[in-house]
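Guided by the hints, dock chain B onto chain A, whose structure is given.
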Amino acid sequence: MDNKRIDQIIDKHRGEASSLIQILLDIQSENHWLPKEALGRVSEKLEVPLSRTMHIASFYKAFSLVPKGRHAVHICMGTACHVRGAKRILETVEELTGLKPGETDVEMKYSLETVNCLGCCALGPVIEINGKAHGKVSVSDTSGVLEHYK
Amino acid sequence: MNEILLEIDGKEVRAREGTTLLEAAQNAGISIPKLCQHEKLIPFGGCRLCLVEVESGSPTKLVVSCVYPVEESLVVRTRSEKIDRIRKTLLELLLAHAPNSLQLQDLAKEYGANKDRFEKEASFCIHCGLCVRYCAEVKKLNAVGFVDRGINKEISFIPEIASKECKDCMECFPLCPTSYLQAAFVFIEALAFPEASSGIPSKKQKLINNQ
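Heads up: the protein sequence lines correspond to chains A and B, in order.
The letter at position 18 of the first sequence is residue 18 when you use this note's numbering, and the numbering goes up by one with no holes.
The letter at position 159 of the second sequence is residue 159 when you use this note's numbering, and the numbering goes up by one with no holes.
Chain A extracted, bound-state conformation (with noise of 0.2 Å):
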């Protein structure tokens, strides 16, 4: 991502310094994550020091200070899932992208992460992937799924 991308982004919300969450917000949904350039031209843009922008940018789990893949894969690990087999749909997609939670794979594909609950426990078990979920999945099921996004 490019300053200029950038200071699109800081200018379209007014460069207010009390607007840095939402611009991270911006950057981190078009970038997928925040490298250390876009924080640093943020603090220097909004005149927010970079120690609080970090602060504010490791604080919460919405942001990633590590490159993350194309699709965000999470498999909801809460109770209603977990006891329809959550633990063996996790293990299925571990398997298939050879990644743990939290790891991204080397063409930036997939990054898996897995979430204690997505709220649709009717639904379980539920992958999320980019937002949507795809509910009661098997086994069998994981791949044909994850298929969908290249």
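None of these hints come from the bench; they were simulated from the model.
Possibly wrong hints are sitting among the right ones.
[Said to hold, decoys possible] List of simulated lysine to any residue pairs, SDA-like, C-alpha gap at most 20 Å:
id	chain 1	residue 1	chain 2	residue 2
1	A	K61	B	S156
2	A	K36	B	K139
3	A	K109	A	H148
4	A	K45	B	K140
[Unchecked claim] So the derived list for chain B, only partly shown, Cβ under 10 Å to chain A, looks like this:
id	residue
5	D148
6	I151
7	K153
8	S156
9	F193
What you are looking at is a predicted structure, and each value in this text was computed from that prediction instead of being measured.
We put the beta carbon where it would ideally sit given N, CA and C, even for glycine.
Here is chain B on its own, set in the frame of chain A:
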């Protein structure tokens, strides 16, 4: 400025409106233990050691004196069985993080805190925020800040700023109650800007020395 009259440990104390209980007590020569308060900094209320008992009807109220403003005819107690018990537990929790801090050990002796009560979780930082706030509020350099949250929260130097500013300042070092700050600085110095290092010989220096 209005003067306020209150009672601390049975002593009549006069204080200016807007000062905190802790400041009022300090001015009256009554000592209250604290780790995160500093006269030049905005009150933080981080360590909770300065808690006192305020009598406003019964039961009494426990308040943190470094962030509690003085009130007219307030009756305050800075030591009681209840306060001592809470301070002892707080110290034991802090000692699980920084068992070798001299400041903590002194307080532990006074309150009878057992440093081995809780399993050690040696992070060495007790999150008093003195370094972070001093750098931001007094020096306005922001070379050190907090990162992450909850049990993973820690202090971190920003290498770009620290490499330029810290060498001539280091005013935050003596503020740290556990000396973790120095360790964190030496660590980031060794990783990010060893050339500017003060204590550890750089690669270049080593080469010169070896010749």
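Hints, one by one, checked against the model:
1. K61(A) - S156(B): holds, 19 Å
2. K36(A) - K139(B): violated, 24 Å
3. K109(A) - H148(A): Holds, at about 12 Å.
4. K45(A) - K140(B): This hinted pair holds, its Cα atoms lying about 18 Å apart.
5. D148: holds, 5 Å
6. I151: This hint is violated: I151(B) lies away from chain A, its Cβ roughly 13 Å from the closest one there, beyond 10 Å.
7. K153: holds, 9 Å
8. S156: holds, 7 Å
9. F193: violated, 16 Å
Violated hints for the displayed structure, listed by number in ascending order: 2, 6, 9.
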